[in-house]
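There are 2 protein chains.
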Amino acid sequence: MKVKIQDTFWTRYRELVRTEMIPYQWKVLNDEINITIERERNDDSIPNEKSHAIENFRIAAGLKEGNHYGWVFQDSDVYKWLEAVAYSINEHMDEDLKSLADSVVDLIAAAQEEDGYLGTYFTIEEPERKLKRLGESHELYCAGHFLEAAVAYYETTGNDTVLKTACKLADYIVRHFGKEDEKIHGYDGHEEIEIGLAKLYRITGKNEYLSLSKYFLEIRGTNPEFFHIQNAEDGKKPLIVGMDKFPYSYFQNHMPLLEQESAEGHAVRLVYMCTAMADVAAMTKDVNLLNACKKIWRNIVDKRMYITGGIGSTVIGESFTLDYDLPNDTMYCETCASVGLVFLAGRLLENEFVGEYGDIMERALYNTVLAGMALDGRHFFYVNPLEVVPEKGKKDPTKSHVKSVRPEWLGCACCPPNLARLLSSLEKYIYVQKDDSIVANLFVNCESRFSVNKKLVTIKQETEYPWNNRVLFTVSSKEETDFTLGIRIPNWTDKYTIRLNGQDCNIETKQGIAYIRKVFKDDVIEIIFDMKVEIWDAHSSVRNNIDKIAVSRGPIVYCMEGVDNGSNLHLLSIGKNAEFTYQFEKNLLGGVVVIKVNGYEQISNSDRNANLYQKHEKVRGIQEKELTLIPYYAWANRGENEMQVWIRCER
Amino acid sequence: MKVKIQDTFWTRYRELVRTEMIPYQWKVLNDEINITIERERNDDSIPNEKSHAIENFRIAAGLKEGNHYGWVFQDSDVYKWLEAVAYSINEHMDEDLKSLADSVVDLIAAAQEEDGYLGTYFTIEEPERKLKRLGESHELYCAGHFLEAAVAYYETTGNDTVLKTACKLADYIVRHFGKEDEKIHGYDGHEEIEIGLAKLYRITGKNEYLSLSKYFLEIRGTNPEFFHIQNAEDGKKPLIVGMDKFPYSYFQNHMPLLEQESAEGHAVRLVYMCTAMADVAAMTKDVNLLNACKKIWRNIVDKRMYITGGIGSTVIGESFTLDYDLPNDTMYCETCASVGLVFLAGRLLENEFVGEYGDIMERALYNTVLAGMALDGRHFFYVNPLEVVPEKGKKDPTKSHVKSVRPEWLGCACCPPNLARLLSSLEKYIYVQKDDSIVANLFVNCESRFSVNKKLVTIKQETEYPWNNRVLFTVSSKEETDFTLGIRIPNWTDKYTIRLNGQDCNIETKQGIAYIRKVFKDDVIEIIFDMKVEIWDAHSSVRNNIDKIAVSRGPIVYCMEGVDNGSNLHLLSIGKNAEFTYQFEKNLLGGVVVIKVNGYEQISNSDRNANLYQKHEKVRGIQEKELTLIPYYAWANRGENEMQVWIRCER
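Taken in sequence, the protein lines are chains E and X.
Letter by letter, the first sequence follows residues 1 to 651 of our numbering.
Letter by letter, the second sequence follows residues 652 to 1302 of our numbering.
Accuracy of the hints is not assured; some may be wrong.
Said to hold, decoys possible - Here are the simulated lysine-lysine pairs, BS3-like style, with alpha carbons at most 30 Å apart:
#, chain 1, residue 1, chain 2, residue 2
1, X, Lys888, E, Lys245
2, X, Lys715, X, Lys834
3, E, Lys618, X, Lys1269
4, X, Lys896, X, Lys781
5, E, Lys295, E, Lys179
6, X, Lys1247, E, Lys615
7, E, Lys395, X, Lys1045
For the record, the hints were derived by calculation from the structure and aren't laboratory data.
When you get a sec, could you build the whole thing from the sequences and use the hints?
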C-alpha cells in the first residue's frame, strides 16, 4: 500500500511539519533559538533552561565534555524528531534534511556503547545505575522511540547505520531482559519499548524482538513491587523526584494486563501499552491479548474519554481517575495521550475492521491532536482543556497546567515531536488492508496504490472533508480485480447515500463499515454523508456536563471563544429550539466552517458589585445573543481569552 | 461583661468540648490513644505517626531524652488545648482538669530557656537556627498561641507561672524584633504573634507588647524578600519542604498591609493577620489600619467567601485564588480559616457596631466551623467541601484533601483544638459593649451581667435559635439605667417585629442593628424574625453555581446527602415553584430542622451502559422526587455518602 496525500486540509499541516516544525524543533534541540521554554505546570523539578538534547549525544559520544542536561528521557525528543524527518522526506525528499538526519544517525551510533547500550544520561552521568531503576529511568522508553525512528528512517532511506544501531540496541535489551534466571524479570516504567520491538521485528523478522515485546507485556503487573524493590536496591536519590511515590496503577503494573478492565494511571503510558498489546496480538494471533486490549479500550471510549478525544482527567500523574469523571477545567488531556489514542485505534483497526476504531481516531485527531499545536506550527499545548478562564490558570496553583496560550516549547517536550511524527505519517491511517479487503478509514484527498491478489489497484479519494460531506472514490485497475472496498460510516452521521457509477445502491454495513464487493476495473463510488450540525448530551453520569450540550459538525467538535462571544462564557446558553447555521470562512483561522446559533446571555446580576449571595430570582434576566462557534482545534490562535466546549442549554 | 450560656444548641457542643474533646485531645497529645492519624492530603512530608506534642516539651525541659517529632509548630496544639481548658473551667470548674493544666503550665515553663525563648523544636534539635528562618519556623506563631493561652488561663485561674512565662517570652521577642538597628526587621511567616501580644498588652498594660504587635503589622510586606534573604543566609534544608517556594502573597508579605486590597494567600494566615489589624486598630485608634482591614474584609465577603462561611478556594497553599472563584468540590475551606473568620468578625464588631460582622460570624460559625467536627466530638474535618462524591477524593489525587468521612485526628492538628477554644469561649461573641451601648450579636440562651455607667444590668436571652425565630430579652437593673440596647437584625431575614414590654414599637435600625435607647429597669423585649426557608442565587460571576440555588433557614445553610436522597445528587433539581416544608426532628443528628421540597430527578440516560455521548434530547426524562435537606454542619454523620450544597434549579 502506498498512499500519497494531496489535501487542502492536511497538506497545510504536513507542510507546516516539513517547513516549520522540523527545522524549528531542530533548532530547539540544538539550543540555537531564543525561545521561552515553559514548564508544563508549576513544578520546580521540571528542567526548562534549554533542551540540550543534541549536546547530550555529543557528550555521550565523547565529542565534547560536559554534563547531561534535562530529563532522563531527553534523548527521546531527538528520536521522535528523526522519526518525523523519516516520514517527511518519504513524502517530500529534501537532500539537505536527509544529510542532517544521516549525521544525527551517526551521532546516535557514536553515542552507543560497545555492548549496544544507548542512553545519554546514564552513559554520561551514572553508568553504574544502568537498568537499576527502571520505574523512573525511561531507558527502555527511549530505546523504544529509537527503534521506531530507526525503522522509519531505514524504510525511507535504507540507511544501514540506523538499522545496525537499532539491532545492536535491541540485542542488548534481549540479553538483559527475559524469563531466563540471569536476566531482569522486569520492564520499563513507561511503556514504549514494546512498540519499538514489534516494529523492528516487522522489518527484520527476528523472532526474539517479538518475543521480548510479548514478554514485557506478559510480566507487567505480575510483580507490582518490582520498581520498589529496584529502588530499594539502588538506594540512591530518585531519577525523577516523586515518581517512586506514585501508585502501581500509574505504571499499569497493579495487576497483570490480561486482568485489567479499566484504563488506569498515566494516560500516555496506558495508550502506548494498549498499542503494543494490539500490535503483538496481531503478530502472534493472541486472542486473549487482543481481548484484554479491547476491554481497556471499551472503558476509555465508554467512560473515560472527553468528547474532544482527550484522555487523562487529572494533572497529578497525568492520569485517568474514575468512570465518568471528566471535569472540563482541571483535566489533563495531554496532546501525547491523544496521539497515542490515534496509534491505538489504528492498531485495533488493523486487527479488526470495526468502524468505531476509526471514529475515535478521527475524534482524537481532528480535535485534541490538532489543538496541540498553533496554526503557526511553532507553539504547542501539552494540556488541552475544554473550558478555560485564563486568570484561573494564573492564580489558582492547582490549575497551573491549564494554559490559555500555547508556549513556544515545553520543559517536557514530548508533545511537539509526537505531533510532528503523527502528522507526517498520516498516510498510514487512511486505509487498512487485509488480503483482498481494503477499508477507507479516513477521508483525505489522496491517491493510493494497493496490491490485491497480486494485481495493482489504484484508488483516488477526492473530498473537501472535514468541511464537506462528499467523498468520491475512483478505482482503477489495469485488469479486472475482485475485492472488497469498505468505507467507514462515521458515527456522527445519521444517514448517507452511496452511488456506484452513478447508480444509487444498497450496501451492506457491518460494524460501522459499508462494504462493496465486486469485480473492480474502472469504478466511481460517491458517498455523501448527512453532515449537519449535531448537538450532544454527555452521559448523565458525567457530573460536569449536566444541563450542557456540545456542538459538532462532521468530525469537528466546536467551542466558543471570548474573542467572538465576549468574556463570561458561562453566562451564555443555547436556546431550546435553536437554529444553527454554518458557513466556511476561508480567511479565518486558516479556513474553517464557523457555526452560529441564536442563544441567550444571562444579565440578571452581571453587575460586578451585586452581593455575592442574593435571594433567588425565579425569572432570570436573559437577553438574546447570537453565539459564534469555531472548531475546537483552532482555539487560542487569536490571543488569550476564555474558551468553552460544553455550553449551557435551555430546556 | 460576664455571660453565662445555658442553651440547648450550644451547651451540647460546649459539654462535648468539656467531656469529650478536651480529654480526647489530651490523650492524643500524649500518644495515649490508639487512633488513626490521617494526613490532610496526599503529602509524604506530613507527619502522621503520632502527636508527640507533650513529649516534645518533656524533652525540651530536660525531663526526658529523645528527639522532637512532628511539625515545627507542634507546640501550638498544646497551647490551644490549654486555652480551651481555660475557657472550659471558667464556665465549669473541674479541679482535676485544672491540676492537669497547671502541670502543663509548669512543663511549658520548664521547657522555656533562660532567656525566655520557648519552642521545643529549636531547643531540642537546632538551637543554632533560632529565628533564622522565620518564613517556615512558626516560632512566633507558636509564641502567639502561647500568649493567647496564657492570658486565658491567667484570667480564669490567676496562675502566676503562666503569666510570668508569657511575659518572659514576650520580653524575649521584644528584645529581638523591632525597628532598632540591632534587632530583626522581620516577622513570622504565619501571623498569630500579633494577636497574642495584643492580648498580653490588654492584661499587663505593657506598651511594648502593643507596639511590637503594631510593628509586626507595619513592617510586613515592606520587604517581600525578607524570608528569601533569611533562607539564603541560613543555607540549610527547609524546615517545611516546599514552603520556601510559595509566592510572597502566600505569607501576605507581597506589599505593605495598608496597600493590600484583596484577600491573598493562605486563608488562615490572612484572617489571623486581619484579626490582629482590627485588634491593634481598636487599641491604638489607628483608622488607617482599620480601613485597610475593612478593605480586605470587603473583598472576602463580597467576592471570596463560600455561602457556608468557608474561605480558601484551593488546596495548594490552602489559599485564596481570585474573585468569584469558588469551586465546590476542589476548594479548601479549612475549619481553622472559618474559626479565624469568626475572630476577625468579632474584632471588627468591637471596632464598629455593624450588623454585617455578626452576619458573617454567624454564617461561619453555624456552618463551616460546626461542620469541622462530628457530632461525637471525636472526628474532625480539616477541609469542608460543598460538594462531595466520595470516590473522587479517593481516585483523583488532586482531590485527596476532600475527605468524605471525618478522620479521628490529623497530621496537621490545628483545627480540632481551634474548634475547642472557639466553642468554649463562645460567650465572648454574644454581646459587644462600648460605653453605654450594648449590642446583642448572637442569639443564644444566656444570662449576662454588664456594668453600664457603673450600674449593674442583667440581660437574659431566651430563644430556641437557630431553629426558632423568637428571642426574648429580659433586662433587669436595680436602679434605672439609661443605655442603648442594640439587636442585630440578621441579613437572612426580610422582616421582623420588636415588642417592648408587650407593645409593638418602631425602632431605628442602623447598619443592620436595631437600637432601643431608653431608661431600662425591668423591661422585656421580644423580637421575632421572619425565619422562612430562603433560597439563594450566587453572584452570576461564580461560574460553578450558575443555574444552581442554595437553601437556608435562619443562619443554617442546608445540603442534600446521599443517605436521604440516593447517590447521583447532581441529577436532582428543585422545581420552579417548589414548596418547602420544614420540621424539627429531635432524634435526627442531635436534633435538627429538616427541610423537604418537591423536586425532580433526571432519568433520561441514567442507564450506566448508555453511550458516553449521545444525540441531544430536547425533552429530558425527569420524574418527581421529594428532596430532603439537612443542615450543612451535620453532614457526614451517617456514614460515607455524597453531599451537595448548591442544587440545580428548574427555571
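Hints, verified against the model:
About 21 Å separates the Cα atoms of Lys888 (chain X) and Lys245 (chain E), which keeps this hinted pair within 30 Å; it holds. Pair hint Lys715 (chain X) plus Lys834 (chain X) does not hold up; C-alpha atoms about 34 Å apart against a cutoff of 30 Å. Using a Cα cut-off of 30 Å, the hinted pair Lys618 (chain E) and Lys1269 (chain X) holds, with the two alpha carbons roughly 22 Å apart. Distance hint between Lys896 (chain X) and Lys781 (chain X) is fulfilled; the C-alpha atoms sit about 21 Å from each other, no more than 30 Å.
Between the alpha carbons of Lys295 (chain E) and Lys179 (chain E) the distance comes to roughly 27 Å, so the proposed pair stays at or under 30 Å and holds. Distance check on the hinted pair: Lys1247 (chain X) and Lys615 (chain E) sit about 19 Å apart at the alpha-carbon level, within 30 Å; holds. About 26 Å separates the Cα atoms of Lys395 (chain E) and Lys1045 (chain X), which keeps this hinted pair within 30 Å; it holds.
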